[in-house]
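Colleague: Next come the chains, spelled out residue by residue.
2 protein chains.
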Amino acid sequence: MGVRVRDLAPDDRALVREALIHCGAFTDEEVRVALDMVEAGLAGDYSLLAVETDGDLRGYACFGRAHLTVSSWYLYWICIHPQAQGLGLGRMLQERVEDRVRKLGGDRLILETSGRPDYERARRFYREAGFVEVGRIPEFYRPGDDCLVCCKVLSAGDG
Amino acid sequence: MGVRVRDLAPDDRALVREALIHCGAFTDEEVRVALDMVEAGLAGDYSLLAVETDGDLRGYACFGRAHLTVSSWYLYWICIHPQAQGLGLGRMLQERVEDRVRKLGGDRLILETSGRPDYERARRFYREAGFVEVGRIPEFYRPGDDCLVCCKVLSAGDG
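Going down the list, the protein sequences come from chains A and B.
Residues 1040 to 1198 (the numbering used here) make up the first sequence, in order.
Residues 1040 to 1198 (the numbering used here) make up the second sequence, in order.
Accuracy of the hints is not assured; some may be wrong.
Stated by the list, open to error - Looking from chain B toward chain A, a few residues come up when the C-beta cut is under 10 Å (computed):
| no. | residue |
| --- | --- |
| 1 | 1066 |
| 2 | 1068 |
| 3 | 1108 |
| 4 | 1147 |
| 5 | 1149 |
| 6 | 1176 |
| 7 | 1178 |
| 8 | 1180 |
| 9 | 1192 |
Derived from the structure by calculation, the hints contain no laboratory data.
Glycine residues also receive a C-beta, built at the ideal position from the N, C-alpha and C atoms.
Chain A extracted, bound-state conformation:
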């Protein structure tokens, strides 16, 4: 299996959309917001990385510098197509995001995720990557659905 991480390109739009819809983690509104951010990213507002196997796009990540900070970045989305989950592509993408952030002068990565039981897999993914929960906004998304704020300090020796 030839795996490659590269910058996302305008031609990837359709496959990104398919991955978002079929990965099962996102509501219609979340897919719409994610696609809006892909457009904004292609226009230069966010950074976008794609992962492909044997030339086929399998997932992507969207991240960007946090305004008004010296060196904090947000990781907004990581999405892997359901047919390509379990292969370690998400981990590879997350590590390459961290490399890119470091290269651009960032030294910490912040993300927000849901406290719902069905997000446990995502939370474990981030915990194992070294993210630490630094906040919890009660019922942020909707009743019973907290927002967890997680942070990872990117030491120079990582990656």
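With chain A held as given, fit chain B onto it using these hints.
Modeller: Only chain B this time, still in chain A's reference frame:
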């Protein structure tokens, strides 16, 4: 003293800019981002309220619905001109923001502020308004400058 809270208007731009620059709390970059958000707000992306005394603009607030949530809102900026501080205008503005958010279907307000010692006055303002610290991102803004995440649940009986 005739005090009035009203929607911010395009003609208020210059006085908003003056209030931001002279209130002393904001860096050049913060003023620029705040003004960008005023422009976006005037274009409909955020909500903006102004407070005036005897017809003169004295401060403003910028707030908006949190994407991907049912009823959470962010309070992005409250700024009172230094010559008008200590008169309770900030409190009045914050309460009117809460009224507006409730009217638009919101039931909680989230804000981020600095953990720096010179922000203690701002933090006290929010604590006294009923905001509770729900997170702290270490060194988010810069070394030694944490981000505090604060939340207030807007009960129907408030205001």
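Colleague: If a hint holds in the structure, say so; if it doesn't, say that too.
Modeller: Hints, one by one, checked against the model:
1. 1066: Status holds, d = 8 Å.
2. 1068: 6 Å, holds
3. 1108: At about 5 Å, which falls below the 10 Å cut-off, the nearest Cβ of chain A leaves the hint on residue 1108 of chain B intact, so it holds.
4. 1147: OK, holds: residue 1147 of chain B within 10 Å of chain A, min 7 Å.
5. 1149: Since chain A brings a Cβ to about 6 Å from residue 1149 of chain B, closer than 10 Å, the hint holds.
6. 1176: Hint on residue 1176 of chain B: holds, closest Cβ of chain A at ~5 Å, below 10 Å.
7. 1178: OK, holds: residue 1178 of chain B within 10 Å of chain A, min 7 Å.
8. 1180: Holds - the Cβ of residue 1180 of chain B comes within 10 Å of chain A, reaching about 5 Å at its closest.
9. 1192: 8 Å, holds
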